[in-house]
Amino acid sequence: MRELEVNGHTLRTEAADDCPLLYVLRNDGGLSGPRFGCGLGQCGACTVLVDGVPTRSCVTPLEAVGTARITTLEGLGTAGAPHPLQAAFIAEQAAQCGYCSNGMIMTAAALLAENPAPDAAAVRQTLDNNLCRCGTHNRIVRAVLRAAQAGGGPKP
Amino acid sequence: MNRPRAISRRAVLAGGGALVVGFALGGPSPTAGAAVKLPPHLAANPLIDSWIRIAADGGVTVFTGKVDLGQGLSTALAQIAADELYVAIERLQVVTADTARTPNEGGTVGSMSIQQAGGALRQAAAEARQALLEMAARKLNAPLDTLSVEDGTVTSRSGPTTTYGALVGGRHIARQATGTAVPRPVESARYVGQPVARLDIPAKMFGQPAYLQDLRPRGMVHGRIVRPPHPASTLQSLNESAAAALPGVIHIHRQGNFIGLIAAREEQAIAAARQLADDARWSEAPPPLPPGTAEDWLDRLPATETVVSGPQARLNLDHAHRARYFRPFQAHASLAPSAALALYRPDSAEQLTVWTHSQDIFGLRPALAGLLEIPVRAVHLIHREAAGCYGHNGADDAAADAALLARAVPGRPVRLQWMRADEFLWEPAGPAMAIELAASLDASGTISAFESTVKSFPHSSRPGGRPGNLLASQLIDAGFPPIRGANIPPPRGGVERNATPYYSFPHRVVEHFIATMPVRTSAHRGLGAYGNIFALESFIDELARAAGADPLAFRLRHLNDGRARAVLEKAALEAGWGSAKPYQGRGIAFARYKNAGAFMAIVVDVDVDRKDGALHVRRAVAAVDCGRLINPCGVETQIEGGIIQSTSWTLHEALLADGNRRARDWSDYPILTFSEVPDITVHMIDRPAEKPLGAGEVAQGPTAAAIANALFDATGLRLRGLPLSAGRLQQAQSENG
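Residue numbers (my numbering), protein chains in the order written: chain A, 26 to 181; chain B, 18 to 754.
Worth flagging that the hints you see were computed from the coordinates, not collected in a lab.
Since this is a predicted model, take the numbers as computed values, not measurements.
Hints are not guaranteed to be accurate.
What the hints assert, rightly or not - Between beta-carbon pairs, the in silico distance windows are:
(1) A:GLU39 <-> B:LYS708: 49 to 59 Å
(2) A:ALA41 <-> B:PRO226: 23 to 33 Å
(3) B:GLY428 <-> A:GLU39: 22 to 32 Å
(4) A:ALA175 <-> B:ASP703: 53 to 63 Å
(5) A:GLU39 <-> B:PRO57: 49 to 59 Å
(6) A:ALA89 <-> B:PRO226: 39 to 49 Å
(7) A:GLY33 <-> B:GLN193: 48 to 58 Å
(8) A:GLY91 <-> B:LEU64: 58 to 68 Å
(9) B:ASP696 <-> A:GLY91: 41 to 51 Å
(10) A:THR35 <-> B:GLY744: 51 to 61 Å
(11) A:GLY33 <-> B:SER175: 39 to 49 Å
(12) A:PRO179 <-> B:ASP696: 42 to 52 Å
(13) B:ARG118 <-> A:GLU39: 35 to 45 Å
(14) A:ALA175 <-> B:ARG635: 53 to 63 Å
By construction, the Cβ of each residue, glycine as well, lies at the ideal position given by its N, Cα and C atoms.
Make the full structure from the sequences, and use the hints.
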């Protein structure tokens, strides 16, 4: 039995040490934020923050996480108290199918925590390894810049 | 289901929200008129309760047979229904395709939903409103023409009020559509035409359950499949013992060449699948692909030729200009590999329930019934959103896999998830195309005759009721007929979609249809339109150059349709066509999707790097006419998305690499990145008096041609084979010296 700290709560799992964190979060934790896109660390849909660092949970084994603080999309903010990025993505309608949004928001949250006033080029470079197939890229960039304007949010 | 959360109140409060039924001078109620022909889907399902239900608390449920693919359809339909019912959009929830609950409106395909589903729902909601007002007149004992309604509250001029909830309150309206209800006048629309915020986006941004992948019924177990090395392989032996001994494995299913398994935990299912893959021995099948490349197959495989437009006899082409264009097999490459959740209960009337992201659950239902040999009425399919599909991806086949596995564990919901390689290797591909064009110019530099031959594979192999069109049916080796590719006839077309020019010059178009599928193919956003418009609009530019004409002026010379001219002129104006170019090369292109749908023109600016020869798409300016705009934000997003996706297809994408090796993950199949995405501006021409037209696919073809035309403008190199990859560019440059 292993205990993880997820979004400020303790999550217990019987999963083996080599189980990718993604499946623990989704199946033991019942979380829907981190998403399965490739299982290969290529697309970023599964991104969570581990001690504030964007981490691809589909290729992160449980044993690598230890006692680190894990934050998922659900932990970033809620409808009642949205993170500036979540509010910005809604305001900019920065989603078509929305499946990539988790990866985009979590990666951008870490960017803004480190660089509160990125320019568009910096945002694009940061997100270059996050895939969006619907073609929402420019709205996503606008949303991240908008969130930066609004203060970027607390250090996750 | 989608319930509104965050609504753009700014948009909502603009304009009046009330219907005042009566005229001061008396006269017929403006909500009823002479009976008009019902929209086809409403005529097929005329009971108003099939479309609209009112709860006692005034909540409104709207039913549609279409699905939201991430294109915002459920929001657009909510706007339409809320307007016709004179209710606040917050009262609505939209129930999308469900074989037990919604009308059968066929597949959500072809950019037709706004017209078909929107049209049916608009009239159904108007009919519901009409019925409710008549009920209110009786209840309030007031003449119909003294009533007004706002947000579901009906008020008579003398004072008394009632509400929709009080009038119907969970019961049936129990009326059939008559065609006499008059839809709300365009000028009084409150939601239609406004950029109403998408109802489904907030849940997705907060990580709330929103996708099929988020369903977690109690007792759910996890399924995986193990595919053969290639479609023609047969399973010689499978030693199940190692996999069966792994933790959590519940069941291993082998049926013919179909291998699947179920485990308690997801990672256990993945580990067991890997073990089974290691322990399976497959035959050395004959080479599954014909010799040569896709282009060779297009020329050599048996085909049927049909004249799809123009005269049977060939046109007389004087000193013809000729060119041949090529489009490779391409992947939908949905961000999420396909999945399905299936539950099999043999003792229930509803033996099989499947939650699926198939675009066409009504065509899938009889196919699954046939596969499992159970009655169609015993199969219940419910659509749930997954990632964008952009056509016929692995969704239907994943549903079939799930159904087979679920049958092995009755009463336990099985979540079947394809892995990334399963999706890339087994989903139907966008078909390769070869397009041969010829045209002659007269002395004045006008096109005097045009001929086209389009060669391609099937642009549809959807289940459409046929169990044989499910991959699982082929694998279980139970005597189902082989997967059959269909050729969609004109006017919608598959191979020949947008092969017939919208321009006015004598033309003859021949379709060269290859029924066999060395690579399984099916509908891929735009179908034939992507390849056909790439070819046509590249060729128009080649002819313009031969005529010594400006590409914009040359197009306008051959276009009589005012709406077509308008999008070209708008795009050109906004892009600054004819003024100093911001980048090295500039190209223009136009299309009317299916020659009956939305209009679009686009101007693209590119740079070609002098050092490494890389092509950079810098800027795109588009003008779009979708008739009456339902949601301008939705349209703009769809057009931006289509431009970006088409840019990706056009610059990067070919499913088969050298040696016909097929991509299996993103490292083999790169798509456009943030840094490569151009600056995009979309100008929408709103025509509220016209019928609304779907925007989902119109951008694919013109974007490709405009890029190729811009490349020519920058370098003098005319590339006719897609993708416009760095390799092709370098080859063209070296050939040019």
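Now for the hints, and whether the structure bears them out:
1. A:GLU39 <-> B:LYS708: 49 to 59 Å: Roughly 58 Å apart at Cβ, these two residues keep to the hinted range, so it holds.
2. A:ALA41 <-> B:PRO226: 23 to 33 Å: Distance hint for A:ALA41, B:PRO226 holds at roughly 26 Å.
3. B:GLY428 <-> A:GLU39: 22 to 32 Å: At 24 Å between Cβs, range holds.
4. A:ALA175 <-> B:ASP703: 53 to 63 Å: Once the Cβ atoms are compared, 31 Å apart, the range 53 to 63 Å for B:ASP703 and A:ALA175 is violated.
5. A:GLU39 <-> B:PRO57: 49 to 59 Å: holds (54 Å)
6. A:ALA89 <-> B:PRO226: 39 to 49 Å: The hint (39 to 49 Å, Cβ to Cβ) is violated, given that A:ALA89 and B:PRO226 are roughly 27 Å apart.
7. A:GLY33 <-> B:GLN193: 48 to 58 Å: holds (55 Å)
8. A:GLY91 <-> B:LEU64: 58 to 68 Å: holds (60 Å)
9. B:ASP696 <-> A:GLY91: 41 to 51 Å: holds (44 Å)
10. A:THR35 <-> B:GLY744: 51 to 61 Å: Roughly 53 Å apart at Cβ, these two residues keep to the hinted range, so it holds.
11. A:GLY33 <-> B:SER175: 39 to 49 Å: violated (59 Å)
12. A:PRO179 <-> B:ASP696: 42 to 52 Å: Since the Cβ atoms of A:PRO179 and B:ASP696 sit about 32 Å apart, the hinted range of 42 to 52 Å is violated.
13. B:ARG118 <-> A:GLU39: 35 to 45 Å: holds (38 Å)
14. A:ALA175 <-> B:ARG635: 53 to 63 Å: Once the Cβ atoms are compared, 29 Å apart, the range 53 to 63 Å for B:ARG635 and A:ALA175 is violated.
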